[in-house]
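> Residue-level listing of the chains:
2 protein chains.
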Amino acid sequence: MSTELDQPSRQTGWFPFRNGHTDTNNYSVEEAESYELLGDGSLTQSTTKGPRPAYKERSTIDWLLEESAERERTRTLHSRRGLRGALSPTLESARWWFVIVLTGVGIGIAGAWLDVLVKWLGDLREGRCRYGFFYNQVACCSGLDPGEVCTEWQSWSQYLHVRSILGQSVLQSFVYIALAIAFAGSSAILVVTYAPYAFHTGIPEIKAILKGYVFDQFLSPWTLLIKALGLALAVASGLSLGKEGPLVHVACCMAYLLAKLFGLRNNEIQKRKLLAAAASAGVSVAFGSPIGGVLFGLEELDTFSFSNEGEVMWRGFVTSAIAAMSLQYIDPFGTSKLVLFQVTGFSDTWRAFELIPWFILAAVGGLLGSLLIKMNAAAAVYRRNSILHEWPVLEVVGFSAITAAVSYLVVFLRVQSSELVAQLFQECDPNKGDYHGLCNPTALWENVFLLILTAMTKVLLTTWTFGMMIPAGIFLPTIAIGACLGRAMGLLTQGLQRSHPTAWIFAACPPDPTIPCVSPGFYSVIGAAAMLGGVTRMTLSLVVILFELTGALSHVLPIMISVVVSKWVADALGKEGIYSVWIAMRQYPWLPPDEFRDKGQTAAQIVKPVESLVVIYDEEQTTLKELNTFFEANGYHGYPVVNNDKLLGYIVAEKTKAYIDPLLSDDAASGVQRICTFSKHAAANNPDLVDLSDLIDDTVLQLRKDVPLQLVVNMFQKMNLRHVLFSQGGKLTGMVTKTDVVWLLTEHLPHTGALAEEES
Amino acid sequence: MSTELDQPSRQTGWFPFRNGHTDTNNYSVEEAESYELLGDGSLTQSTTKGPRPAYKERSTIDWLLEESAERERTRTLHSRRGLRGALSPTLESARWWFVIVLTGVGIGIAGAWLDVLVKWLGDLREGRCRYGFFYNQVACCSGLDPGEVCTEWQSWSQYLHVRSILGQSVLQSFVYIALAIAFAGSSAILVVTYAPYAFHTGIPEIKAILKGYVFDQFLSPWTLLIKALGLALAVASGLSLGKEGPLVHVACCMAYLLAKLFGLRNNEIQKRKLLAAAASAGVSVAFGSPIGGVLFGLEELDTFSFSNEGEVMWRGFVTSAIAAMSLQYIDPFGTSKLVLFQVTGFSDTWRAFELIPWFILAAVGGLLGSLLIKMNAAAAVYRRNSILHEWPVLEVVGFSAITAAVSYLVVFLRVQSSELVAQLFQECDPNKGDYHGLCNPTALWENVFLLILTAMTKVLLTTWTFGMMIPAGIFLPTIAIGACLGRAMGLLTQGLQRSHPTAWIFAACPPDPTIPCVSPGFYSVIGAAAMLGGVTRMTLSLVVILFELTGALSHVLPIMISVVVSKWVADALGKEGIYSVWIAMRQYPWLPPDEFRDKGQTAAQIVKPVESLVVIYDEEQTTLKELNTFFEANGYHGYPVVNNDKLLGYIVAEKTKAYIDPLLSDDAASGVQRICTFSKHAAANNPDLVDLSDLIDDTVLQLRKDVPLQLVVNMFQKMNLRHVLFSQGGKLTGMVTKTDVVWLLTEHLPHTGALAEEES
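Quick note, the sequences are listed as chains A and B, same order.
Residue 599 in our numbering sits at position 599 of the first sequence, with consecutive numbering throughout.
Take any residue in the second sequence, count from 1 to its spot, add 1000: that is its number in our numbering.
Careful, some of the hints might be misleading.
[Stated by the list, open to error] Some residues of chain A that are not near chain B, with every Cβ distance over 12 Å (derived):
1) HIS78
2) CYS150
3) LEU160
4) TYR194
5) PRO290
6) TYR329
7) ALA352
8) MET375
9) ALA379
10) PHE547
11) GLY574
12) GLY600
13) PRO687
14) LEU701
[Said to hold, decoys possible] Straight-line distance between alpha carbons at most 25 Å, and here's what the computed DSS-like set of lysine-lysine pairs gives:
15) LYS1056(B) with LYS705(A)
16) LYS731(A) with LYS1705(B)
17) LYS1680(B) with LYS599(A)
18) LYS575(A) with LYS599(A)
Simulated from the structure, these hints should not be mistaken for lab results.
Each residue gets a CB set at the ideal place from its N, CA and C atoms; glycine is no exception.
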């Protein structure tokens, strides 16, 4: 990663960089908990039990504590007297829904605006509109009768009146490549200079944030602006990337901004519920697939882990619907269709023999998807450790030049990926004209070769592009690769059927040769599904998204089968999808939701023993000042408190500091050094002691060390825990934090931590 | 419920019947745990730590213990030496997938077979085929050109050569009503005599079973057969019920049977994962909606609570796809379409002004849905406490007579609900002919009146039917009610637009009056969505199911909006959907997944104090025989073990008994009364003691009493706990079981426990 990226984090503290495979029993408590380091963050509004802790960037929220704070707040809200008490819960809820509706509308508008911008920038690489610079090709040529030639749209050579064919091609290719470099370069400069977190897809980070990672800079208004603008430039530059993932990031930034504007940021869990809804809406807009968006939230973002999953799903559902409606209302393509790729023309039924090519496609998709993940991870690690890490803009400029040059040579690479996919998804229709000879039955082998070449080139380009310092999604390139392969397979099958119409295997085809039997366009959809299954390892959401794209009820089953087989094949080569791999590489504190099976170990395997913990011993007659000094010196998020060998509980440092701060001032004024205690019993016996027992966090779980490891992992996964204390017979025996569990679950991955940001 | 229903349970022990609103702090431990009573159930194959407990009917499984047993088993499987060790995990997995595929195929076949049977029985009420008794009307009339009159199908009066019009109507109505009574009556007799658990929809029970309730009789082969047969008869009788819910039950029975046949029953959690997949497949077949089926599993059955949600979803997905494929392959309707209701003909776009009638429809749907739930619950409670409870068959016969008589008078009630819905969902097409005058524009008011009358009659009929001693689903009647109301609203809107084509509000309509602007068929879909939303309170799955039915991408948004609004309206009148209400009435140990917010209470609110628990005091020099006697005398599932005031843990009675049984025989043979201990420490000091410390269940969680109540409830919900021990400083302070939490969450419902089976 670039030095620019490191800049903002330098001021805030770092996620720990762990070298390779540290023995889990062996690392020090400092290392394991250094990401919990808390500085002097400002404290939020006080509640009855003292202020809640503000979380520092790069820490993990304490889910149970946040829930308890929310409980407290709701109770206060409901217990108010009079009209205000009766109305404030309603008002609160109304404000929430207002923000949700606004978020939905905002995302719809942002999506539409991006579409328009990308189309215009992309067309600019080919030419311009005669009567206005800011028209894209479609808008420029609108209003023509079918068949009429559009004379208003001029290629650059026409515009500059270059006559010679050589001059024309040189000029056209020069503008094409130069603008690609300019777009990609400015996108990279924007990202590197103003918002380093706007690079990449954003989905790994959002997954981590939804699970409790604190990463507010990732959601800043600045990131929002740069990501949106940079995304439009990056997509228009013709690099092998898509807008889907980044659009989810943009949606989350927007929700975060709106929540801040309307004062809804008071609870970290509430914030995450809003983000989950916004992420669904982002997918909804990206694909024009509102149900797919909600499912994406459920499946990939695992929003079911919230304590009220129904409510979260529900809000995601409403936000998705509103976003899709706004997009449809704005209608950026003038087609009054929601979806990006209109899929039409393929026959209503499919035949059993087609399952054979589809199975092959699915297996190829799974293999290639798995390969793409591995190559992409290797490329990312190579980039990090090479000189390229220091020159991110140069890398983008250079690679966009390569991409543009290569793309200009292959006709299917030259066009925007979305246009290519839209054409590949469509059946050949004699009335509609041929797309670059794709429908020419005599050019079968040429087409198949071209399609496979395109797919392979795209695999290589995508491998490198996904991870450069520009906003980049992996969905669209994956779809394009799959669609090319699928179309190639479809053409082959069609050719085979046409040349052997009487073979027994094709007996199900209609005998009339003029009625098409095989629909190569649908093979593209199958190929796209297979490739997506291999890369993302999603299942349901993919099927729903592709179903919403195609709208073909009768074709749901083949899509399902292809996703199933592709996932099976890919899983055999490695269980993790591309987002999980990136999360592990960047070492975010995110727990995979997969079932963890221990091999008979107990929690003792990962428990940090009490000897290596920093513990407050309550019997030691600590003065308030000493306690404060202790907090300053250690700087952890919290500490177990032990009195005479008995575990009293866990206290959160920030909360305790905020409580004792005024007492300390009193002490300083009066000159008395008061002694404090966390034991109710001691406080009752000795009224001179300052009773801090109310500060003990009653939401921290205590377990015994001989609990099965699997159960502990399961609890961290299901309850979103931050830490668990271990005790035996009332005595503290150790502690496990989320980091320990994340490490346990990810250490086997090849590149775990390879992209974690180093401490400088 | 009938006395017949009570019979089989009488031998097995009862779910406790709680009278009204017992104070949660006040009930005795016996009452709270009586459903955990374990008899001398046979024990399963022993594992390294002794045999696992077999669960008695009507108990709740110990989720954590089952998971630990599964862990143990997997480990054993993997640790085997040689080829067998290498192959057995693969074989195990292959067997699972084999059962899943088989289940999918089986459900598809069952669904198709039911469709055929129902169609034939239903048509039999009108007439018979000339050339074969076992043909239904469609099969009988197949092969005709369009427009040709089918002479092969004869009404009963034609068959019996009755000429006079009076004679014809009397004969037709007599056969119609008599066969309705015969079908419904035989269905009720089958259910009451052979499989009382085959009554009703089955979804509340499946929800409870998936969450850990043990109810194997509900899944027996006998229930499978009777439910399938009884369902076909009940649907054909024309009672106001659907096949969707019962089909889910049938699917689960089938999966259970197949799992038993292929020896897969060894783990209760694995069994439940299979059932979850089967349930999805059931919905998939019932609606021809494979994605909707999976979502139904996620949303309504809450299958996300499994420890490996991805795997569960995945299996559900595969099973659904296979079931839908089998159904499509068998093609019972000869249409080569998956779906029950083909929705066609409505225009591609909708106009903004249509949102007004849709909002009204959605609100009406929500209101009526909520009303239907309340009326249905009241009817069920009334039935239970009245004389009808003793005469279930008579009730069914009587009510089917009333239904048939009323239905015969109203044309839209006379046809099968599914046919009515299919017609209502379809746009008027001049080429297709008019369905009972529905498309006659001059009969607008008559049609609206008839539709509303049909809807209201159906509400009343459904209210009573859903809960009688026959298999009955609530989905189809709800859809029919909504479709009638929607069509009525659509006709009104259409009429208004036709009479005022120039009004500003209809400005969006095409000026040409021959082009239809309002599509009343689609209003039916909206109405059905609204009604379903009000009754079931599902969101996503409904939208997906209706989307898969209609296939109209452009119309997803109106469906979403209608479900949203309907749920809002209905939620304002009571949060629970019809299945939750029934679960509460029958008092199954099922925890609603909704977020529970305490009002500042801690766990102490529901903890049964240590004084009222039956505890094993380890220091008391207990002999093995005494321990055995203690188990026999108390008969609970398990007991906390305390040694010198220190909580050692929790032991499961069955497991301990199985371990000490051979030791007892030794004692009896040798005449020595050995003393046992659960403390490792004591056993180490005194080698004469029998060391039982390994039997202490290491998966039981221990909490402190001052933990917030919300956290405890949340843990029970997320971790599927059975019980939690409470301790403070190593001393046992109390215990909370699932029953306590269920009671806490359901006691506010009006009819909680009203239908629980009483102890006799």
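> Compare the structure with each hint and give your call.
Verification of the hints:
1. HIS78: violated (8 Å)
2. CYS150: The assertion about CYS150(A) holds, with a minimum of 26 Å to chain B.
3. LEU160: holds (43 Å)
4. TYR194: holds (36 Å)
5. PRO290: Incorrect as stated: the minimum Cβ-Cβ distance to chain B is 6 Å, not above 12 Å.
6. TYR329: violated (9 Å)
7. ALA352: violated (9 Å)
8. MET375: At roughly 25 Å from the nearest Cβ of chain B, MET375(A) sits farther out than 12 Å, so the non-interface label holds.
9. ALA379: Nearest chain B Cβ is 27 Å from ALA379(A), so the label holds.
10. PHE547: violated (7 Å)
11. GLY574: holds (15 Å)
12. GLY600: For GLY600(A), whose nearest Cβ neighbour in chain B is about 6 Å away, the distance does not exceed 12 Å, so it is violated.
13. PRO687: With a cut-off of 12 Å, PRO687(A) remains clear of chain B, as the shortest Cβ separation is near 23 Å.
14. LEU701: violated (7 Å)
15. LYS1056(B) with LYS705(A): violated (31 Å)
16. LYS731(A) with LYS1705(B): Satisfied, since the Cα-Cα distance of roughly 17 Å is no more than 25 Å.
17. LYS1680(B) with LYS599(A): The hint holds at about 23 Å.
18. LYS575(A) with LYS599(A): Given that 25 Å is the threshold and the Cα spacing comes to 19 Å, the pair holds.
Consistency note: the structure conflicts with the earlier hints numbered 1, 5, 6, 7, 10, 12, 14 and 15.
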